[in-house]
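Asks: So the chains spell out like this:
Protein chains: 2
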Amino acid sequence: MSSERLIYLPLGGAGEIGMNAYVYGYGKPGKERLIVVDLGVAFPDMDTSPGVDLILPDISWLKKRRDRIEAIFITHAHEDHIGAIAHSYEALQAPIYARRFTANLARRKMSEHGHPEDAVTTVGAWPEQVTAGPFTVGFMPISHSIPESSSMVIDSPEGRVIHSGDFKIDLTPGVGEAFDPALWADVCKDGIKALVCDSTNVFSPLPGRSEATLGPEIEKLVSAAEGMVVATTFASNVARVKTLAVAADKAGRSVVLLGRAMKRMVEAAVETGVMKDFPKVVSPEEARGIPRENLMLLVTGSQGERRAASAQLARGKYQGIEMKPGDLFLFSSKTIPGNERGVIRIINQFSEMGVDVVDDSSGLYHVSGHANRPDLETLHDVVKPQVLIPMHGEHRHLREHVKLAEAKGITGVLAVDGMMIDLSSKTPTVAEYVDTGRTYLDGSVKIGALDGVVRDRIRLALNGHATVTLVLDDQDEPLGEPWVDLMGLPEKGRSNATLVDVLEADLGQWLNRQGAKTLRDEDKLNEGLKRTLRQSAQDEIGKKPEVTVVVSRLS
Amino acid sequence: MSSERLIYLPLGGAGEIGMNAYVYGYGKPGKERLIVVDLGVAFPDMDTSPGVDLILPDISWLKKRRDRIEAIFITHAHEDHIGAIAHSYEALQAPIYARRFTANLARRKMSEHGHPEDAVTTVGAWPEQVTAGPFTVGFMPISHSIPESSSMVIDSPEGRVIHSGDFKIDLTPGVGEAFDPALWADVCKDGIKALVCDSTNVFSPLPGRSEATLGPEIEKLVSAAEGMVVATTFASNVARVKTLAVAADKAGRSVVLLGRAMKRMVEAAVETGVMKDFPKVVSPEEARGIPRENLMLLVTGSQGERRAASAQLARGKYQGIEMKPGDLFLFSSKTIPGNERGVIRIINQFSEMGVDVVDDSSGLYHVSGHANRPDLETLHDVVKPQVLIPMHGEHRHLREHVKLAEAKGITGVLAVDGMMIDLSSKTPTVAEYVDTGRTYLDGSVKIGALDGVVRDRIRLALNGHATVTLVLDDQDEPLGEPWVDLMGLPEKGRSNATLVDVLEADLGQWLNRQGAKTLRDEDKLNEGLKRTLRQSAQDEIGKKPEVTVVVSRLS
Chain A
-12 MSSERLIYLP LGGAGEIGMN AYVYGYGKPG KERLIVVDLG VAFPDMDTSP GVDLILPDIS
48 WLKKRRDRIE AIFITHAHED HIGAIAHSYE ALQAPIYARR FTANLARRKM SEHGHPEDAV
108 TTVGAWPEQV TAGPFTVGFM PISHSIPESS SMVIDSPEGR VIHSGDFKID LTPGVGEAFD
168 PALWADVCKD GIKALVCDST NVFSPLPGRS EATLGPEIEK LVSAAEGMVV ATTFASNVAR
228 VKTLAVAADK AGRSVVLLGR AMKRMVEAAV ETGVMKDFPK VVSPEEARGI PRENLMLLVT
288 GSQGERRAAS AQLARGKYQG IEMKPGDLFL FSSKTIPGNE RGVIRIINQF SEMGVDVVDD
348 SSGLYHVSGH ANRPDLETLH DVVKPQVLIP MHGEHRHLRE HVKLAEAKGI TGVLAVDGMM
408 IDLSSKTPTV AEYVDTGRTY LDGSVKIGAL DGVVRDRIRL ALNGHATVTL VLDDQDEPLG
468 EPWVDLMGLP EKGRSNATLV DVLEADLGQW LNRQGAKTLR DEDKLNEGLK RTLRQSAQDE
528 IGKKPEVTVV VSRLS
Chain B
-12 MSSERLIYLP LGGAGEIGMN AYVYGYGKPG KERLIVVDLG VAFPDMDTSP GVDLILPDIS
48 WLKKRRDRIE AIFITHAHED HIGAIAHSYE ALQAPIYARR FTANLARRKM SEHGHPEDAV
108 TTVGAWPEQV TAGPFTVGFM PISHSIPESS SMVIDSPEGR VIHSGDFKID LTPGVGEAFD
168 PALWADVCKD GIKALVCDST NVFSPLPGRS EATLGPEIEK LVSAAEGMVV ATTFASNVAR
228 VKTLAVAADK AGRSVVLLGR AMKRMVEAAV ETGVMKDFPK VVSPEEARGI PRENLMLLVT
288 GSQGERRAAS AQLARGKYQG IEMKPGDLFL FSSKTIPGNE RGVIRIINQF SEMGVDVVDD
348 SSGLYHVSGH ANRPDLETLH DVVKPQVLIP MHGEHRHLRE HVKLAEAKGI TGVLAVDGMM
408 IDLSSKTPTV AEYVDTGRTY LDGSVKIGAL DGVVRDRIRL ALNGHATVTL VLDDQDEPLG
468 EPWVDLMGLP EKGRSNATLV DVLEADLGQW LNRQGAKTLR DEDKLNEGLK RTLRQSAQDE
528 IGKKPEVTVV VSRLS
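Which chain is which? The protein sequence lines are A and B, in order. Under the working numbering, the residue at position 375 of the first sequence is numbered 362, and the numbers go up by one with no gaps. Under the working numbering, the residue at position 544 of the second sequence is numbered 531, and the numbers go up by one with no gaps.
Certain hints may be false.
One side of the interface only, derived from the structure: several residues of chain B facing chain A at Cβ under 10 Å [claimed, not checked]:
(1) 40
(2) 324
(3) 341
(4) 443
(5) 476
(6) 478
(7) 481
(8) 485
(9) 487
(10) 491
(11) 536
Subject to a maximum C-alpha distance of 30 Å in a straight line, what follows is the list of computed DSBU-like cross-link-like pairs (lysine-lysine) [what the hints assert, rightly or not]:
(12) A:517 to A:531
(13) A:180 to A:371
(14) A:517 to B:530
(15) B:530 to A:530
Honestly, the hints are just simulated from the structure, not real lab data. Since the model is a prediction, treat every value here as computed from it, not as a measurement. Backbone N, C-alpha and C fix where the C-beta goes; we use that ideal spot for every residue, glycine too.
Turn these sequences into a full structure, and let the hints guide you.
Replies: Below, the structure written as structure tokens:
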């Protein structure tokens, strides 16, 4: 046995959904040559990351080993897989490989950030392969809710690993390639060392349905509608966008695309040839001349995002178009957990306008892009891996997926972010625990999720803010009283006097009681003013604000 | 026709789920004698109401008409129906009527807030009635997920109105009264002017299932479990708590109640006699001496609340009890939209402990407390009202419920919070639009939702905070440079210098360029410092902080 080893290390996406970033390495321990599969983002929320723009995987481990990175492979163009490439380019500077459609979108991202487009190389589907140090890597087509999704076939001196990427088993996906059991059987026929596998829908007990089942239902709905029809889905779900557009066309409705992402995705799909025969599109301006019963709008904002076209239509006009009583709004999408409030808000706004809203609760107008439990088993059965490593899931999904594998005699390995797995031995072992985490893109700055910046903002949101200022003369004697400014706090409290006045009075009294020793001691003075203000506020309004104390000493 | 009229006015709960507060009045316009049905709360969230403790209906309309209020009736003891009684008592001082179990909990609330318990009067079930000015009001038993839920039978000189309260059609509810079709038919036989009706589940197409269907399934699950079993549900769902406890008992497991609400509810149910034969309960201390396979814990926190027993068990020990691999955690509950993240967090924490989690996705371990669409129709058919007014729903629910009623020839009236409906005429009309809204209980202070306090806190969370201080001498000349303190902002930005230094340098430069006129002008100086800081921060970190400027002038 050689001293080289094959390692797998998730830096994001294992133990959470989003922010996918997986590393494979081969070589002597500590000197492995590395490849990265996917570099995605996650999205912030008010509960845990207010004010943050994007969540990126912490790539400091990779950055320190930049000279050992051979390549970055992107399985598909969803933001949680591709979103971090431009943000990481400066740090990693590794060549990026992707298939045509994904590469098209990757280049747009690179160029928007002023990075060279030619850092992205387009690779054809399997059997084409890329050599990356000790690895030979191919893009194996698989069906998912975006064109040209691929599983990575990763060959190393230790054998072949399959990294599934996001997938479903769809034999009639509409746009993009169908799952091809024969091709898969062929690729896996000589034995697969490990299958690193999507776990998103491991709790969905029924077989997934094909994209093709939706067309007839959507056509029925659109034909029966009397007013304007507006439908939303993820713009990147090009197959769905086409299904919707074709339904419009069959019902004699002109198609309008609203929202930047919607236009960009259709453009990319047509440019790269993954989508053909998309019905003719009219502009919002042209649409104004068409009777509303002959229109169908395809809009961004299936998750209720406040700035997307759907939410803007729910609040009023968007690009001159307005919804009216009797119109129909279709969510051809599922609400991702955490986005419920935003989605429900726009449904109610449409309800107030007299617009009928149809969502996916009937199951007729949306299918998932991920493999359900029986479909995961189908892949297990085709690939027959020695080892199954679940990814793309929260801990509960990974754990369940390990159970599923082990029930059929496959060794399951539960590896969360930061667990480096040595795949060389027969039974994979944890080689090392690597520090991982989240990096926040905050405005134009990257900050660590644990730096305390966002924690302070959450405290400001919960407790409000008070500024105390005090000026001391060159003898350390106060010049006037302490001064209080408040933000995010009520004007009056229990005593019904103005809160600022109450706080200033209490601070003034405290200050009068202090001797020269405290007045000279910066820390004591600050601490005393802060404690006094917080106690006074607690008595008056039942809340302890965050406090900034500024003592100015004249000298 | 007399000049008296019968009015209905929702102040909360119509156009939202939560914070129920409905007013009925009878008399000459502007002089109606009033009764209130329910005074509930809603719960805050980080997105819209960070730092807020409770959301109360704005009762200023009622407060101004305090002398016209005859009584407050509480249909049942859920917080969204009873939660505001103690917070409103000082303002309204009206007598409160409720059935025994509800009154028991109402008195606890009153006493916790230092209000007289005897403001609460216990009323028996229909046919008992209370006279309240021109109204005669009875509590008509109906099934729901808490004992002694009632519909209000409101008799006025204009006829009988039924206010459904929250309900489901359950003929075998376990604890509490079954829906009694014969009794309902009798009460409604002389014609019902209006049915004001729960709309929560109007989008659920299948008939609701009875509480009784759960027992056998839960028993199967609990008997088959090998380790400790922990189950959570709303504590107020006393029937469910009993179903769970009985399942424990049958499986030879001792029952432990964890969480304040769990103990309080069981206590109230036993005290008031609504629950009999509850299995013997052991304390957490006693539990430590019992093998874990002989234990079943019933715990609070079905919505993932951070301080509840479930979340504490997910983080580690709670009252000396700890979960272990092989234990089972059962959510005998549904996650309310908006609470997904909290629930998912604890599921993943349990997963990391090796605890198996079972939720309601199979449909076997939870049933809803609200009437589904066909059950709403059952009530419509029994009551046969002239007019249906949907309540307890967001706009989309109310609208759908109106459609449902009108499809079977009942006049539907869509009345959201603040719409006063005149029920006297054959076709109800909007008599008036009343200002309504939300009052935040924030610490110990009540503030209006639109006062700007919470809006400022949200801004602080999104943008962070900067304090700028400047001292000017008695000639309006700056004494030293402007000083900056930051909170919730990154330490460094684009230039890689400390952010505070960059901001102070830019402010200093700006200040140097100002003439005496600006230095003397408080507003100009403040505005200039603020604008300069925000622009400088935007360049450096891509973010414009909230700013407090404090200029101290020596004189």
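Asks: Would you mind marking each hint as holding or not holding in the structure?
Replies: Status of the hints after comparison with the structure:
For residue 40 of chain B, the shortest C-beta to C-beta distance to chain A is roughly 8 Å, which falls under 10 Å, so the interface hint holds. Hint on residue 324 of chain B holds. Least Cβ distance to chain A is approximately 4 Å, under the 10 Å limit. For the restraint placing residue 341 of chain B at the interface with chain A, the shortest Cβ-Cβ distance is roughly 8 Å, inside the 10 Å limit, so the hint holds. Of the supplied interface hints, the one on residue 443 of chain B holds, with its beta-carbon coming within about 4 Å of a beta-carbon of chain A, less than 10 Å.
The criterion of a C-beta within 10 Å of any C-beta in chain A is met by residue 476 of chain B, whose closest approach is roughly 6 Å, and the hint holds. Interface restraint check for residue 478 of chain B: the shortest CB-CB distance to chain A comes to about 8 Å, inside 10 Å, so the restraint holds. Annotation: interface hint on residue 481 of chain B holds; nearest CB of chain A at approximately 6 Å, less than 10 Å. With a cut of 10 Å, the hint placing residue 485 of chain B at the interface with chain A is violated, because the nearest CB-to-CB distance is about 13 Å.
Given the 10 Å rule on beta carbons, the hint for residue 487 of chain B is violated: about 12 Å separates it from the nearest Cβ of chain A. At its closest, the beta carbon of residue 491 of chain B sits 13 Å from a beta carbon of chain A; the interface hint therefore is violated under the 10 Å criterion. Given the 10 Å rule on beta carbons, the hint for residue 536 of chain B holds: about 8 Å separates it from the nearest Cβ of chain A. Straight-line distance between C-alpha atoms of residue 517 of chain A and residue 531 of chain A comes to about 10 Å, which keeps the hinted pair within the 30 Å bound.
A C-alpha spacing of about 9 Å is found between residue 180 of chain A and residue 371 of chain A, which places the hinted pair at or below 30 Å, so the restraint holds. Between residue 517 of chain A and residue 530 of chain B the CA atoms are separated by roughly 27 Å; this keeps the pair inside 30 Å, and the hint holds. At most 30 Å may separate the alpha-carbon atoms for a hinted pair to count; residue 530 of chain B and residue 530 of chain A meet this at roughly 28 Å.
In terms of the numbered hints stated before, the structure departs from hints 8, 9 and 10, listed from lowest to highest.
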